[in-house]
Amino acid sequence: MIRLEKRPTPSRFWSLSTPVIAVILTMIAGGLMFAALGQDPVEAIRVIFWDPLFHPQFASYSRPQLLVKAGPLILIAIGLSLGFRAGIWNIGAEGQYIIGAICGAAFGLALYPSENILIFPGMVIVGALGGWAWAMIPGILKTRFRTNEILVSLLLVYVAEAILASAATNWLRNPEARGFPGSRNLARHPGTDNPELIAGTGMHWGVVAAFIAVIAAYVLLNRHVLGYQIKLAGQAPRAARFAGVEPTRLVLLCLGVSGALAGMAGLFEVSGPAGQISIDFNSGYGFTAIIVAFLGRLHPVGILLAGLLMALTYIGGELAQLMLGVPAPAIQAFQGMLLFFLLALDVLSNFRIRFGTGRAAA
Amino acid sequence: MKSITKLLASAALATATLAGAATAQDDPFQVGFIYVGSVGDLGWTYEHDQGRLAVEEHFGDAVETVYLENVPEGADAERAITQMILGGADMVFTTSFGYMDPTNAVAAQFPDVYFEHATGYRRDTPNVSTYSARFYEGRAVIGHIAGHMTESNIIGYIGSYPIPEVIRGINSAFLHAREVNPDVEMRVVWAYTWFDPAAEADAAQALIDAGADVIMQHTDSTAPQTVAQEAGIISFGQASDMYQFAPAPRVASIIDNWAPYYIARVEAAMNGTWESMDTWDGIGPGMVEIGEMTDAIPEEVRASATEMMEAIAAGEYHPFTGPINRQDGTAWLAEGEVADDGTLAGMDFYVEGLTGEIPN
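Respectively, the protein sequence lines represent chains Z and C.
Residue 356 in the numbering used here is what sits at position 356 of the first sequence, and the numbering runs on without skipping anything.
Here the numbering used here runs 362 ahead of the position in the second sequence, where the first position is 1.
It is possible that part of the hints are untrue.
[As the list claims (entries may be wrong)] Short, incomplete list of chain Z residues facing chain C, as computed with Cβ under 8 Å: (1) A165; (2) V225; (3) Q229; (4) L232; (5) D280; (6) A328; (7) A330.
Bear in mind the hints are in silico, worked out from the structure with no lab data behind them.
Just so we're clear, the structure is a prediction, and the values are computed from it rather than from any experiment.
All C-beta atoms in this analysis are idealised placements derived from N, C-alpha and C, irrespective of residue type, glycine included.
Extracted from the complex, chain C is given alone in its bound form (with noise of 0.2 Å):
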């Protein structure tokens, strides 16, 4: 049945670039994007749309590409993506880890289709990669940057949703805050949302009221940005570089960096060297990179922040390197010791120094 439904497919396909002529004439390299908001968020879907658009740059004529906007994550998903493929997409990047099912369910279906599923951890077929950067780096150099701000001692960070990928960036941030500032306390609000700019703003006002004079965001919109303004206080651009907010409050930003990392796998897929792999980039590779300090920041503290950039580039620093001790005063990692990839990836629990709960 299932090969028949492939026949089909591929007979459908081919109709398709015959009749798809006035569109394509030299039959291009489909590439597709899904992405769970929209491109003009200046978030994280934005960013991912910095990459399709660097795609595009790169190879010109020989790549046509396509997106889906605002997909839900659940029932709609796997529709979307299969549509997509419908369409003449060759190679399909998923940019939320709410596709992963749907990824893999469509990628069973469609062996001649590259996947590349962002944040996720299943690649069920061999035409599945997954890929993901390592935004703890970041969150090390801007925390360090907070814990020397901070006049309050007090800084705020607005959590997404308390999975291992945001409780890793609060501990990265957290400890280099500690380690230039023994008084600096971090104060987490949740969300519960990625983009939602009222929430987010509430957020951050509700950490102002607390004390916060430093706000860091894992949420998506530039609402805390705003807040932060108003306030007087500093903040860190989140996933774009919400330059638009510089030079304060915003002194410097997390961004992602996906251009390189999509037009390396597009060209993979295009000659044939393409694998099914996990990709985890941090700074090195330039995966996530540091916006722009700004002079609000003193001196010696940006040198000292690239200093830190450098060395985690270099793969001279981990952010995670012990002695930690986890939130309940037993210990994490020994002198020297560095985090591995596996208990990162399912990093559940707050380090030492952090107050509050993870929640339930």
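Looking at chain Z on its own, in the form it has when it is part of the complex (with noise of 0.2 Å):
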């Protein structure tokens, strides 16, 4: 018989080495579903992993965009972990980083076609407002009225992706595009594009922005008695009580960083990689990016790690699509594995697992 034994405190070791065998599992299962699907589960997994990096054909092309995929998704994620540690669950980003791409585009727009150097700062700034705002509403509705900000942070996503369709179909369209949806091209136009830094890495300004985050998370959560508060809030919400820490400051306080950071993501992906608003702007950064968290295990530089590993099984798995013909389905539930295996192993940091019959069973 196997029972789970609660272990006095998480494993270090487990927490540590779980992300890594989640990783090993999923190229295990996955080989198995790419054999199944009469593909070389070898090869398919050489595709997925190596190829965007050391491919002669594309990786001097794949590396730089793994920065620019992982990018958006380190900067959410960093923001979501803080809440997340505190018990606090933004699943709402996507949302957020709709508003705020919608708000730092409009801000942009209206000062169309003025070149003015201040407009981008300008555009990064209300892009970070409108994420902040759109998290308020869930942050607000939880400490006044008790409502549970898991669903109204999911909600609002429905309603940001409605009036996404509404901005890119009507009030942010562009003029000249003969009543065709989408606003103008951002990333063209000086003054509000989000450009490549150095030629040929892939480094616009959200990559560098989440940089930035990374450390300042990790400053945040280990020099910082902020740091402590959301630490001890999500550990013992009880003691942090006792401590001082006032439970309605740290709930708007996660959610509102973790708000400006995705809406700030959404602002540089509509500047640069996207370049305009339009009905389907957002693809899925603000849900992944929470895969992303867990995956670093809430961690600064574990998310760093994840994001860029996240990344690589995108721009792997299109390689793998072109090269190997495997569906992009396929891909998806490969990527759905590795949450799957990783929140499975969890289990591990926090259980131990004992063998033969438990002395309290009856």
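Using the supplied hints, reconstruct the complex from the two chains, each of which is provided in its own coordinate frame.
Set out below in structure tokens:
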């Protein structure tokens, strides 16, 4: 008989090694799936994990693209991780990402065609404010009326998508687009663009912001009283209250920071890689970032690595489609396995597995 | 800088063709397709993939095709197209409107690759063509059928997004339903999606609850067909034939047939006659087809619908021929006047008789 026994404190060894084991298990299970689809599993795994980095034909292009893809994931996940550590569950980063992009883009487009160098910084601030404001809705509803922030923030994603459709087909529509949906292209207009900073690196302001967020979160969690309060609130809510942590303030702060970072991520995308507000502008970064946050163990450095790994599976997944003809849904299933194994293995860091009959068992 | 990138890209390409000998012996012409949905959606993407398969069949070993499905229209599209070209594609079809800016951006970097963008209007560089189909011609035919078939005189229409393409279809279907049935009304529900079976089913149900006994859709899933089947009413296949729902509820369909165009363009690219152009073809050249009209439609209606189809194909009849007024009663087309393509392409108003407003 197998029993689970709760550990007095989470195992440090397991919490560090489960992400690695989860990746390995994903490779094995994913390999079996690819084999069942008639693919050579070793080759498929190689194409996904190795080729984006080292394939002579693709790597020089794919490597910088890793940063482009990982940047927003990391930026959003860092914000989410603060709340997740404190037991505050913002599931609606996708909505904050959309609203941030719309607000920032609207600011830039309102001043079109000015090319003033202050416009882009202004867009970043307005984008962050937009994301922050959208996250304040579940925040205030939770602190005032004790609503559940998981549901409210999630449902607001759908509201944000409706606003996005309306912006793209109507009030942010490019007046020169002959009635077609979509805003002007921000990435191609000096002043509103978020360009590649060093050619061939994929580095744009959003990637820079992601790196800054990683460092700031690390310092906050390890050196600042607020970081201590966040961790305490998550581990021992009652003790946190005795230690003078004010729950209302913490909820608003964590939701606000994660909303602002998601909003910024949206702005950096709409002014850079995506280029414009379109009906389908959001492509799931806000949800994928939740996976990244957990895959990175809610630790800033872990999130950095997890974001890059996730980006790798996206780009490698495309290569697998191209070179091997692996269907796209199989790649998505593969990514899903990663989260599944990670959460399943999470048990190991909090519980010990005991074999044999439990003494307490009747 | 750009020329260095190109040089690197072509060098990489050269090594690739050498290294890729295992998969391709004779360096076939490689044609890539970027799909917004899944090849199994039985609608929009499915039909583009049928076009791809037709290309493969037509050219045999001389052409190799690759595709990427479920490519989001935002930031990922540019990367997907670029990787496809780095993988050796000589020609790329990007099959959704949202790929317009990414397609043109990548095309500027790879002047030797041919680009074909569906439903867009931007051709920034001489290696980009655009193409679309005059779906409104098909809408006219099924509108004609719907006007005859409805008993409640309420036709339900599931719109995706309020964009010219969709508004044009609503106007065309409505005009031709009203032509044969002056009492007909059309109710439009906006689903705000191209493909979402649950949302489309809800929209269909809402229309049925509002009294509609005929449903048209401008969304891609078969969910409205299932709802129509349960309700015992009539529907029309969209994008693909959806023949699995025939003979009823699906009594006819509008099929996007991209195969002839794809074959012609690949051929042109291979023999060097390819030129940047804008193609907007309808029933005549076969880009729009009407799927088999089933026995559920009375014989005389089938005959008159076929007659209309043939007149459109022959260029004798244009679905937007005056007199037609705008919804607010102002004149749009005078007696016998035919709509110009520019107005049709940017159509943002309802014609007279349609109720409701185009949402903002």
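Results for each hint:
no.	hint	result
1	A165	5 Å, holds
2	V225	38 Å, violated
3	Q229	36 Å, violated
4	L232	38 Å, violated
5	D280	5 Å, holds
6	A328	4 Å, holds
7	A330	11 Å, violated
Consistency note: the structure conflicts with the earlier hints numbered 2, 3, 4 and 7.
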